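J.: Protein chains in written order, with our numbering: chain X, 812 to 935; chain V, 812 to 935; chain Y, 812 to 935; chain Z, 812 to 935; chain B, 812 to 935; chain F, 812 to 935; chain R, 812 to 935; chain D, 812 to 935; chain G, 812 to 935; chain E, 812 to 935.
It cannot be assumed that every hint is accurate.
What the hints assert, rightly or not - Quick partial rundown of chain D residues pointing at chain X, CB under 8 Å, derived from the structure: (1) 913; (2) 914; (3) 917.
Please keep in mind that the hints were generated in silico from the structure rather than gathered at the bench. Predicted model, so just to flag it, every value in this text is computed and none were measured. Don't be surprised by glycine CBs; every beta carbon is placed ideally from N, CA and C.
There are 10 protein chains.
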Amino acid sequence: MATTPSRELVAVPNPHPDRVYQVEMVCPEFTTLCPMTGQPDFATITITYEPGPSIVELKSLKLYLWSFRNEGHFHEDVTNLILNDFVAAAQPRFARIVARFNVRGGITTTVTAEYRSDNYPAWA
Amino acid sequence: MATTPSRELVAVPNPHPDRVYQVEMVCPEFTTLCPMTGQPDFATITITYEPGPSIVELKSLKLYLWSFRNEGHFHEDVTNLILNDFVAAAQPRFARIVARFNVRGGITTTVTAEYRSDNYPAWA
Amino acid sequence: MATTPSRELVAVPNPHPDRVYQVEMVCPEFTTLCPMTGQPDFATITITYEPGPSIVELKSLKLYLWSFRNEGHFHEDVTNLILNDFVAAAQPRFARIVARFNVRGGITTTVTAEYRSDNYPAWA
Amino acid sequence: MATTPSRELVAVPNPHPDRVYQVEMVCPEFTTLCPMTGQPDFATITITYEPGPSIVELKSLKLYLWSFRNEGHFHEDVTNLILNDFVAAAQPRFARIVARFNVRGGITTTVTAEYRSDNYPAWA
Amino acid sequence: MATTPSRELVAVPNPHPDRVYQVEMVCPEFTTLCPMTGQPDFATITITYEPGPSIVELKSLKLYLWSFRNEGHFHEDVTNLILNDFVAAAQPRFARIVARFNVRGGITTTVTAEYRSDNYPAWA
Amino acid sequence: MATTPSRELVAVPNPHPDRVYQVEMVCPEFTTLCPMTGQPDFATITITYEPGPSIVELKSLKLYLWSFRNEGHFHEDVTNLILNDFVAAAQPRFARIVARFNVRGGITTTVTAEYRSDNYPAWA
Amino acid sequence: MATTPSRELVAVPNPHPDRVYQVEMVCPEFTTLCPMTGQPDFATITITYEPGPSIVELKSLKLYLWSFRNEGHFHEDVTNLILNDFVAAAQPRFARIVARFNVRGGITTTVTAEYRSDNYPAWA
Amino acid sequence: MATTPSRELVAVPNPHPDRVYQVEMVCPEFTTLCPMTGQPDFATITITYEPGPSIVELKSLKLYLWSFRNEGHFHEDVTNLILNDFVAAAQPRFARIVARFNVRGGITTTVTAEYRSDNYPAWA
Amino acid sequence: MATTPSRELVAVPNPHPDRVYQVEMVCPEFTTLCPMTGQPDFATITITYEPGPSIVELKSLKLYLWSFRNEGHFHEDVTNLILNDFVAAAQPRFARIVARFNVRGGITTTVTAEYRSDNYPAWA
Amino acid sequence: MATTPSRELVAVPNPHPDRVYQVEMVCPEFTTLCPMTGQPDFATITITYEPGPSIVELKSLKLYLWSFRNEGHFHEDVTNLILNDFVAAAQPRFARIVARFNVRGGITTTVTAEYRSDNYPAWA
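Full structure from sequences and hints, please.
T.: Spelled out as structure tokens, the structure:
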């Protein structure tokens, strides 16, 4: 019955590849470690994307986010790393990662990174 | 006094076909089954459309959404299926389905799909 | 001391006709009857407009909305009727009616209709 | 298909008469007329009761509250009248009516009246 | 059509003198002047009472609260004065005045005063 | 991978039987059918209990609530039935079921039923 | 220690005249009189502006808004008058007044008026 | 025009010494320093008291709280110190200090301390 | 600069041992593992206590909660374990642990456990 | 263990300089002094920027904001000063400072200032 964390995001065929539509997944249970102090950091990760040929399987996303649990990552860096991994796995038309980290030193940090495919309209 | 679910969406004539206007219907009682595990899924379905020749009768929408209760559907797929059925029944100028599914595995998923008729302005 | 409902919307001269500005009136006490069952319906009506030569007198709006209390009207129809009456009385540059009806059959319906005068900018 | 308002509250046998339990019904669609001016008043009625031999049938409550729509009633009086009618129909162990009327003259009024049956514990 | 402020609270007979019940009136439009600086103060006044032989007429309460508009009063004092006037006019079983004053000097002040008639139960 | 609904609530030994403590489980995904019309009803079920010799296993509670999905039940009745089943399975010191049903006919109904074991203090 | 209301808005030099930036001041304590009935009206005034050569001194704004306390003004008119006075005093690049008046006759009114200087970009 | 912080709380005679009533003052602008690191701490201080012979003057409370700005204090200690000073100055029947400190290390701390005069009822 | 998790809660002398007062610490960043599946669980831990001879040092509490990060614990058990550890370290007059776990299987679980010292009043 | 305030903002290399992304930091613990009265002012500072070659180190931002604690600054001026310092330190593509000051004289002031680098798109 045990499951394990995995860095592999599983992509399955998009059931409606002819339509441009949007999927948003909100994950309030992301945790990693501060590379300076080793102490835990916590964030809510929101992934918004327009599927291309594939959609990302929900359970693999859960295991993927789990895989950061005991690694050290800076806020700005890990947000971009998640975007890179997501784009590589899903080849979306568009993807955005918003990472809202919990307050540290009285300051709350949110990092937002976007990917747009080559044929994505500039004005959107 | 009993009523039964029905996949038929009833369209009636639009009383103001000469004006572009918008109708939004929020349905927090949508439930279906997960095709993998057979377990219930729950979502709030929001339908927003600009009527063309017809408007959709409210009671038939209630029976239509009920008809998914004991069927297995994936999140991304069923959102697009509802949009397809709605467009076929109502021939709207514009229609959007937003399906906000309840949290599973610590992750909340929302799927948004839109339809625009041929003469719908590109800039809207 | 008694007052009575009235379908007449009273328009008075706009005190600042040279400036484009906006007035919004939120009326959470609109009620009418369902034409099918005769049962009461309830809605919050929000009127937003840019005055032309006239502004609408607040008390007459209260009596106007009251006048629908014991009449049968469909949601989509009555929203457009209110917009027609408002435009005829006030000759605004722009007007929008948003009618948020209470939940029926587990579904909440909102109807939005807009009027733009001939010289109203298309891009606004 | 038409239904009509009715002052009769229908009581049906309590399916669990041996247990003390509580039922609360919130009705945000109550409207009546001001006896002084004839103008509409609006309120949210909350009924909380502990059933005795009977429970009140939900549809009859809807028709009962509807029956006040075109009658004139003062706030303090109508709240007590509803409590009297409810107690007569349902013979509850305990009943409370809270009527939250909409703002008039910048002031929002709430009236709360309770009934306790003879054998109701004083300390409850 | 003009009305004027008045310090007289009008009491009318309680329509249900045999039942103990509660009336609450929330008045967010109370304003007076600071006796030290002459500058305006603002408060929300909440009056909660159990009627005795009389109930207080809503319109007279509006005119009563208006009568403080251009007078100078300290927070703690005016709250008790309103309670004294209310008790003298209505002879209630119980009355409570809560005055929530707007922030001054970064501090928000709320004053609460209660009256209990001689035969009011000590444990209530 | 498929699972099935089950009326059996699984109890496991309480790991801290010597301490009185409380467990609350909020289940917003309860759905059943109206015995009159056959149409779906929806509720949020909140279970609060003080464990006796056993605690209830979370997954079995999920399958238990699922088992009502296609059965007809009245609001007041099903709340008491769930309490009966829970008490029989868990033998708690105290248990309370709060069932908040979605709005029907403009009215929202909440049913609350409690169980107290023989040695439960009367004043608690 | 006493201060007095004053219709004069004091402008002081903008410390950063070379940068386009925005200042917003929210004033929930505006009160005036209804010109028809003489009764008090209340509003929250929000002033948003892009400073030109001057910024408006906060204390003078407080005394300015106080100066309307015992004057009669219609909602639509007074909003535009405040905008006129503000523009004359501060010569801003852009200014907007939003006046949210408290509910009267069951209806809440908000008036919004804007000023744009000659060289203000049309698309902003 | 300058003012300075002061540890002296000014008490003035209670205008209604014969009535038991309550005053609450919420001060969201309290700041002090951490005695370990010298870094700023922030808290909202809520003072609730029942006046005895005196009430505390609002402006002196503002200057009193300001006086902690550049001193080092531990959370638990400073809350009790404020209570001691307040009781000494005002001789209240009852007083309570609630200090809600901002999050530090992912943890939010609130300290609550109360004073009851000798003749204060034990059951209150 | 690195710190490490630690099961040791550090107690320091209570600076006001003669007064009964309360300290509440809210810790939204508690995470542990499910002993059945090995997957992460998340909770907000709220600790409320009345200090006896000692108060608990805030930083040591942070390190203590961190120490559960990679251990497997059941909801009901770990809440009681934290209470046991806290009582052993701080010898409080009273302590309560509320653990609000994130939703699993559509159900949100909260566990509440309390400790009262021998001389703690029964009626509190 | 002591730290001290510092006006130096520390910039470190942007780990993803090839992607346009956004960082937002919300700092609710900003305090300075009023240059007129010497009394404390409080604000929430929100910094939003698109990194260029550098990102700003979080701890240095905390020490930077602390450095204003005992200096006198006007609202409009200090917001622009923070923007100037931030741009000088980080050389961002875009930066915006929003400073929401606490209510003074019944009025709440928010100042917003933006910087756009030379090659920043005009339409963004």
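J.: With reference to the structure, classify each hint as holding or not holding.
T.: Hint by hint, here is what the structure shows:
no.	hint	result
1	913	holds, 6 Å
2	914	holds, 5 Å
3	917	holds, 6 Å
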